[in-house]
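If you're matching them up, the sequences are chains A and B in order. Numbering-wise (the UniProt record's numbering), the first sequence opens with residue 1 and increments by one. Numbering-wise (the UniProt record's numbering), the second sequence opens with residue 1 and increments by one.
Treat the hints with caution; some may be incorrect.
[Stated by the list, open to error] In the DSS-like style, the derived pairs of lysine-lysine whose C-alpha atoms are separated by at most 30 Å in a straight line are:
| no. | chain 1 | residue 1 | chain 2 | residue 2 |
| --- | --- | --- | --- | --- |
| 1 | A | K11 | B | K271 |
| 2 | A | K58 | B | K267 |
| 3 | B | K58 | A | K267 |
If you are wondering where the hints come from, they were derived from the structure by calculation, not from laboratory data. Given the structure is predicted, the values throughout are model-derived calculations rather than measurements.
There are 2 protein chains.
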Amino acid sequence: MTVNRQIILAKRPTGMPGDENLKLQEGSVPEVGEGQVLVRTIYLSLDPYMRGRMSAAKSYAASVEEGAVMEGATVGQVVESRSGDFKQGDYVLCPGGWQEYSVNNPKMMRKLDPAQAPISTAVGVLGMPGFTAYVGLAEIGKPQKGETVVVSAAAGAVGQVVGQIARIQGCRVVGVAGAEDKCKHVVDAYGFDACVNYKDADFRDQLKKACPDGIDVYFENVGGDTFDAVMELVNDFARIPVCGRIAHYNDTEMPQGPDRLPGFMGKVLVKRLLIKGFIQFDYAHRGPDFQRDMSAWIRDGKVKYQEDVVDGLENAVSAFQGLLQGKNRGKLLVRVGEDPTLN
Amino acid sequence: MTVNRQIILAKRPTGMPGDENLKLQEGSVPEVGEGQVLVRTIYLSLDPYMRGRMSAAKSYAASVEEGAVMEGATVGQVVESRSGDFKQGDYVLCPGGWQEYSVNNPKMMRKLDPAQAPISTAVGVLGMPGFTAYVGLAEIGKPQKGETVVVSAAAGAVGQVVGQIARIQGCRVVGVAGAEDKCKHVVDAYGFDACVNYKDADFRDQLKKACPDGIDVYFENVGGDTFDAVMELVNDFARIPVCGRIAHYNDTEMPQGPDRLPGFMGKVLVKRLLIKGFIQFDYAHRGPDFQRDMSAWIRDGKVKYQEDVVDGLENAVSAFQGLLQGKNRGKLLVRVGEDPTLN
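Produce the complete structure using the sequences and hints provided.
If you want it as structure tokens, here you go:
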């Protein structure tokens, strides 16, 4: 237990990050200070926001420094505790980063009960992605019964939950995804009314047909062509929670003209659109509501979820590249170490 | 009283409307049907939204038909009434249009009391422009004490009221206008903390200096360079009520690239901006609150106002051109006929 494999941000990426940017190295297991807790990583959550942390651009959270271990939420098991709040063997959610062992401040940790839900869901449907879906709809999208809700990256960790919550609320739900099997899955497994593949040549026609009454809520995860197509179909008073723009995270320059920004703002005015960017932690006060509602929905079978588990920290970089390219199927996790709850 | 001078939309304009688009003609005074009211126009309100009504483009209200009298809110006096709700001599607010006489449905009319406020204010500070300022701040901008509020077209009918309400609410208020005397006026007469001329070469620097703590609310009336400059200074969680985009109303094509829309949406996300288009009539339920608050503010001297009155219907077209070019000083009105309340 003296080696701690970890992936560091060796060099900030331009465009798609690769092995020269994210390097696997062998560090040592850190000392556990008074009041701290040493955790063995079981699952590392991979999420699109991490691309932003690799960049020096000012954003809502500080960048990871070059040479530092990449940040990330993890589910793990306590190896050694010098805090009264946790004991050896506890399963926990913590910001462990891309590594096998991390030392954590108990204030940043939450105990998990494997009897209540699979521990991996603490970084998925019952964690940040699920909460993102929940508050984006509840606080911004505010879908009303009978309205049409469109969600991009529909098969992803956030999108799959968005669509299912909107269904529970009595909306027509249309997904947009980038593969036939993803589209089929969200319709068959999650009960979406339709799902359209943005890679199809007649994507815009398909989307229009799937939304005969226009679009009232667009949960924005991707940007790009999907955003443009949706903007042609938005109804007056449509709401657009802006959660992510994964199609642009590797952009290195502004696209060619014409400049569509003035025309966009004209549409915002004429159609009285609401556009609102958000990060889930802005709505932390809704956490208890979310845990209560989502636990009930999962228990009652109203919300289902899919996880895409990649084995081995050494595969984290290629898995993350795949995430930015839409190759994952559901919530992407790296199993960094053995999960004893599966035995 | 048999001639009714009126201005018709002869031909939809491309770019700036002129005499070939808006033609003065002599019509006849219409017959007054059962239940209707004939009104002599005293003041015609000229407002930027009218440019939209001249266009065939789909918008929040139907276009004026070619050959029809241009629409517009008017203040007038009842000449003949076949309704029990109004009598000859009453002063009224009604949708009379660009003409000397109009026949109106009583449901679209409101009686005015010249003893309470100058009748012209019914299309100004106590009318649509004042209400626009009121609801844009109350329902979208939601300025908090100590925040910085920027308003463009600061000396205009809406802008001057926006700034004064934000001052009442304890904000730092910075105006943007297009002439030195306008900037001086909003500071001296309305108590804005600062006002910057967007035509100055160092406009962006001046705006930055005027907003040392960034911008929390931007009340958007103009678009163009002002919008771009503001976007460089917005704080996290800034709110942008989009009320108008007068710099673009005569645009005939999209500006050259690069395409700034994706970058804009990136900023919306990272800074968690709220962008919301609105039209005052979406918030008609706030009308009574507005009348109560604004009447009190005017009575207490907390809100002042400036009107720019042009004499003669024959000068309406050039006055409207001037409005689109920022030549007016305060709320623009055409005095179409004698105002007996001034005697």
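| Would the pair K11 (chain A) and K271 (chain B) pass a check requiring their Cα atoms to be no farther apart than 30 Å? | holds, 25 Å
| task | Decide if the proposed pair is consistent with the structure: K58 (chain A) and K267 (chain B), CA atoms, cutoff 30 Å inclusive. | result | Distance of about 10 Å is within 30 Å: holds.
| query | Quick one, are K58 (chain B) and K267 (chain A) close enough, alpha carbons at most 30 Å? | reply | holds, 10 Å
Checked against the numbered hints above, the structure violates none of them.
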